[in-house]
Amino acid sequence: DVKVTQSSRYLVKRTGEKVFLECVQDMDHENMFWYRQDPGLGLRLIYFSYDVKMKEKGDIPEGYSVSREKKERFSLILESASTNQTSMYLCASSLLWGSNQPQHFGDGTRLSIL
Amino acid sequence: KQEVTQIPAALSVPEGENLVLNCSFTDSAIYNLQWFRQDPGKGLTSLLLIQSSQREQTSGRLNASLDKSSGRSTLYIAASQPGDSATYLCAAGANAGKSTFGDGTTLTVKP
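Chains A and B, in that order, are what the protein sequence lines are. Per the numbering used here, the first sequence starts with residue 1, numbered consecutively. Per the numbering used here, the second sequence starts with residue 1, numbered consecutively.
Just so you know, the hints here were simulated from the structure itself, not pulled from any lab data. Ideal Cβ positions, reconstructed from N, Cα and C, are used throughout, including at glycine. There could be a bad hint or two in this list.
Here are the simulated DSS-like cross-link-like pairs (lysine-lysine), alpha carbons at most 30 Å apart as the crow flies [stated by the list, open to error]:
| # | chain 1 | residue 1 | chain 2 | residue 2 |
| --- | --- | --- | --- | --- |
| 1 | A | Lys-70 | A | Lys-18 |
| 2 | B | Lys-42 | A | Lys-18 |
| 3 | A | Lys-71 | B | Lys-98 |
| 4 | A | Lys-3 | A | Lys-55 |
| 5 | B | Lys-42 | A | Lys-53 |
| 6 | A | Lys-57 | A | Lys-71 |
| 7 | A | Lys-13 | A | Lys-3 |
| 8 | B | Lys-98 | B | Lys-42 |
| 9 | A | Lys-57 | B | Lys-1 |
| 10 | B | Lys-98 | A | Lys-18 |
| 11 | A | Lys-71 | B | Lys-42 |
| 12 | B | Lys-42 | A | Lys-55 |
If we take Cβ atoms under 8 Å as the criterion, some of the chain A residues that face chain B in the derived model are [to be verified]:
| # | residue |
| --- | --- |
| 13 | Asn-31 |
| 14 | Phe-48 |
| 15 | Ser-49 |
Work out the full structure: start from the sequences and follow the hints.
Written out as structure tokens, the structure is:
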């Protein structure tokens with residue numbers, strides 16, 4: 001079974017801090033994704049990566065960056081956290097670029113910026 | 001830009017009832033259509049994925065259909081149980097693995 005693990009279930013940080021959210025998958029998936037989920041706005045794609053050191057912007061990349069140094073790990077970075085980045089963050093992975101393989105999600109990180 | 005709509009936003013049914021959840025999308029040039037389940041405070045669990053060349057997929061009591069020409073997909077749940085209570089999301093997949101998600105339908109199955 002695919003396992004996508006997000007490092008924290010709950011996280012509280014202060015405005016202006018640099019925040020790191022970590023995601024690890026154990027199934028050798030090429031594709032990895034970061035989403036945020038907000039009431040009334042649904043899931044929105046922040047960034048995705050289809051290979052080590054490769055990344056592409058999603059729909060809402062502003063205020064975020066990502067790092068993929070190893071195939072199994074995809075990190076989301078909030079360069080200078082702001083209160084409007086309080087949200088549920090979800091990581092996902094899938095097998096192969098452009099293939100008909102399902103996305104597998106982690107349990108999410110609920111991030112609060114004070 | 002792809003838009004995905006799920007109606008109704010919430011649904012409450014008695015246990016044992018068969019039900020249908022609806023998903024519509026504006027751009028029929030999709031790669032696949034995926035249905036997920038989300039329990040409160042949790043991530044998404046993949047239920048069914050229908051490739052663009054397929055019309056339906058089945059898993060246990062779940063059956064998902066896809067009509068690309070009309071921009072619609074349905075998730076049929078047979079003999080609903082209280083354990084089916086959750087939010088169900090559909091996602092229209094484009095190439096490169098990117099997907100556009102609906103806002104979900106929150107299902108409550110009453111014992």
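Comparing the hints with the structure gives:
no., hint, result
1, A:Lys-70 to A:Lys-18, "holds (21 Å)"
2, B:Lys-42 to A:Lys-18, "holds (25 Å)"
3, A:Lys-71 to B:Lys-98, "holds (18 Å)"
4, A:Lys-3 to A:Lys-55, "holds (21 Å)"
5, B:Lys-42 to A:Lys-53, "holds (28 Å)"
6, A:Lys-57 to A:Lys-71, "holds (18 Å)"
7, A:Lys-13 to A:Lys-3, "holds (27 Å)"
8, B:Lys-98 to B:Lys-42, "holds (21 Å)"
9, A:Lys-57 to B:Lys-1, "holds (15 Å)"
10, B:Lys-98 to A:Lys-18, "holds (27 Å)"
11, A:Lys-71 to B:Lys-42, "holds (24 Å)"
12, B:Lys-42 to A:Lys-55, "holds (26 Å)"
13, Asn-31, "holds (4 Å)"
14, Phe-48, "holds (7 Å)"
15, Ser-49, "violated (10 Å)"
Hint violations for this structure: number 15 only, all remaining hints satisfied.
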